[in-house]
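Novice: Below, each chain spelled out in residue letters.
Number of protein chains: 2
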Amino acid sequence: MVKINPHLLKLNSNYLFQEIEKRHKKMQKHFDIAFINLGMGDATLPIPSVVTDAISSAVLELKSEKTFRGYGPSHGELFLKKAIKENEYSNFSFTEDEIFISNGTKTDISAIQELFAEDSIIAISDPAYPVYVDSNVLAGRTKAFSQGTYEGLVYLPCLEENNFLPVPPNFSCDVIYLCSPHNPTGSAFKKHELQRWVDYAKKQQAIILYDGAYESFISSSDTPRSIYEIKGAEDVAIEFRSFSKSAGFTSLRLSYYVIPKTLSSNVFSLHDLWKRRTDSRYGGTPYPIQRGGEASFSKEGKKALKEIIFKYKQNALFLREGLSSLGFTVFGGIDSPFIWCKTLNNLSSWDFFDYLLEKAQIITAPGVGFGLSGEGFVRFSSFPKKEFLEEGLKRLKKIV
Amino acid sequence: MVKINPHLLKLNSNYLFQEIEKRHKKMQKHFDIAFINLGMGDATLPIPSVVTDAISSAVLELKSEKTFRGYGPSHGELFLKKAIKENEYSNFSFTEDEIFISNGTKTDISAIQELFAEDSIIAISDPAYPVYVDSNVLAGRTKAFSQGTYEGLVYLPCLEENNFLPVPPNFSCDVIYLCSPHNPTGSAFKKHELQRWVDYAKKQQAIILYDGAYESFISSSDTPRSIYEIKGAEDVAIEFRSFSKSAGFTSLRLSYYVIPKTLSSNVFSLHDLWKRRTDSRYGGTPYPIQRGGEASFSKEGKKALKEIIFKYKQNALFLREGLSSLGFTVFGGIDSPFIWCKTLNNLSSWDFFDYLLEKAQIITAPGVGFGLSGEGFVRFSSFPKKEFLEEGLKRLKKIV
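Those protein sequences? They're chains A and B, same order as listed.
Per the working numbering, residue 58 is the first one in the first sequence, and the count goes up by one each step.
Per the working numbering, residue 58 is the first one in the second sequence, and the count goes up by one each step.
It is possible that part of the hints are untrue.
Pairs count within a copy or across copies, as identical chains cannot be separated in the list.
[Said to hold, decoys possible] Below are the BS3-like pairs computed for lysine-lysine, each with C-alpha atoms no more than 25 Å apart in a straight line:
1) K318 x K451
2) K332 x K83
3) K248 x K60
4) K454 x K368
5) K451 x K359
6) K82 x K416
7) K200 x K60
8) K67 x K318
No lab work stands behind these hints: they were computed from the structure.
So here's chain A without its partners, still in its complex pose (with noise of 0.2 Å):
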């Protein structure tokens, strides 16, 4: 007889993204005016026409007998590894076949943690992208969900106090997972910060799983881009990048990720035990949506994406200060894409989230929803278009 997974019955039965679409819709047919959302993690500004070019052409090669292709590596095409490394890892000493192809961090990030024990002590930024959390849930690393946390994960509080960022523990953990620029808290650590996690791994011989799915957003000066920037890093970190933010890929699925050969635990060669596992149980990324990665990195589709960026970064200073200027307290959104908001009269995240929806017809992402120490504050974005922006802050003066 079938059983069921039993760590499946574990998830909360709505993904957080789900949940409040579901609270949106239904308080949207009491009003007759459209909702914005301010909460959104999705792009909005199109992609550069060179880019959308270069996939056009790679999809027209395929009906042709002479430049058609089937199958290609699962770890990803090798012009565009070239690139990446050329273009964002230059400085460093590893090469592209160090560097796998994929659709997406959602899926790159949530699968990692198939390297690593069933037994391994993980460590999670909180609040963090609910997919770290559920990936290690899924896999049976938890017991079941109660009063906001899951027993079984070491939770790294991202706290007013550390700057909404998380610290090194004073105790021993196997494989932490750090996201810089921090989604959803909008802080991005500097290089110190990030010096000490490094040193912690490597005195505790633990992984850092780094999500720079955000780096783009990256200006101020002491603020690494890279984990690899970091001395030591290469031989304790996985990092992920993707496609979706800086190029406005989200509908086009493309990311990657480095797994250094330097990272090792014992005798094993992590890198070449992943490359295994991808040509098992990955088809590879489609031919035509990595010519539009590469193409993003030629001197006219760098120059469209850097022009990309700056809007959203112009977006996020105008909400930043528009929010602040209503008496809201806010942080993040000077290297990230998103500003993290205290609610007002100390509301939880999801009554805020609530009172916005019914009394100012805005859409936020609830804080608590990516974990407990979110509590308190609500996401919001850079990423919606400027005239909703500024609809949005009309409608919220009305309010408080």
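Since the structure of chain A is already known, use the hints to place chain B on it.
Specialist: Chain B only, in chain A's frame:
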């Protein structure tokens, strides 16, 4: 200290198709002429322009602000689900909502075992597509690989006496992997044979994972194209389908599968559990590629795909007859792109593979690489271009 997932270490160090490529490359060095791959499972005929043009148009939508799209649903776009429902499943009672769009049957069928408890009794056709076994090894359901099998799995031998297809065992299993037309043996279930499996699953309250990646090659009238043609199957079967072979999408990555809401385990809806899991772990399939899938169901698309399949099927007959007339003992190739060929002189699969590689500069797929019951066979395929099949047969003629 980081601890490796011990199950990763149980996998054979080489994925079958990597091992084939390795041996080919090594041998190729000694020859001036190009080797011919007659064992490949990859498409070679170009993709119909109605499909590539639809993808190209969809990509170009993304460069304009008005038609830009961000994240789509993790389980797929409604327009494609509707096209699949109308064209593939119009006679069945389930709705679009029961269809999941994804990025390749390899990923899908490797992931689906996460639905089931670790101590489930898993039965797998032998020989079979390596992913069925590998994904269960990685999930910790086996001991180490020893003498061609993993202890902990039930192997269902596909031998000559049962027409190279598995038959229900006389004991209970929880989850059964079936594939029809079967890869690699090239046989396909008749209706009454498949009915026996559905009846078995009903009786044992088991789930059938039905890999129909090659269903478009079926032309015999008593051979079902979908397991849902079998009475009661909607209560016990998940069906997997691919655009890879039917539409040449191997470099585009598009697939779908059906989890009927009537499929249940006691009180739990497998459909709902999987949808929640998909929200957590999958970011969705690229929007333009899904438009390509939709276009393959247009009138023009269907006509073009029919022609492609016709060509491959002609290849299969040509190859089957050619091999047969050279004295080889062959099976399959009627409702399938694959031909199952006995080795000469009772050679082992790998010895025969190496022999053909060296003596005829021909690459096949060794049967034992798909499982112990494949020993003594190699897989030939109808996917190579006609001219290569002709040249391949010429080369074979010289050595028999």
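Novice: Let me make sure I understand: some of the numbered hints might not hold for this structure. Which ones are they, in numerical order?
Specialist: 1, 3, 5
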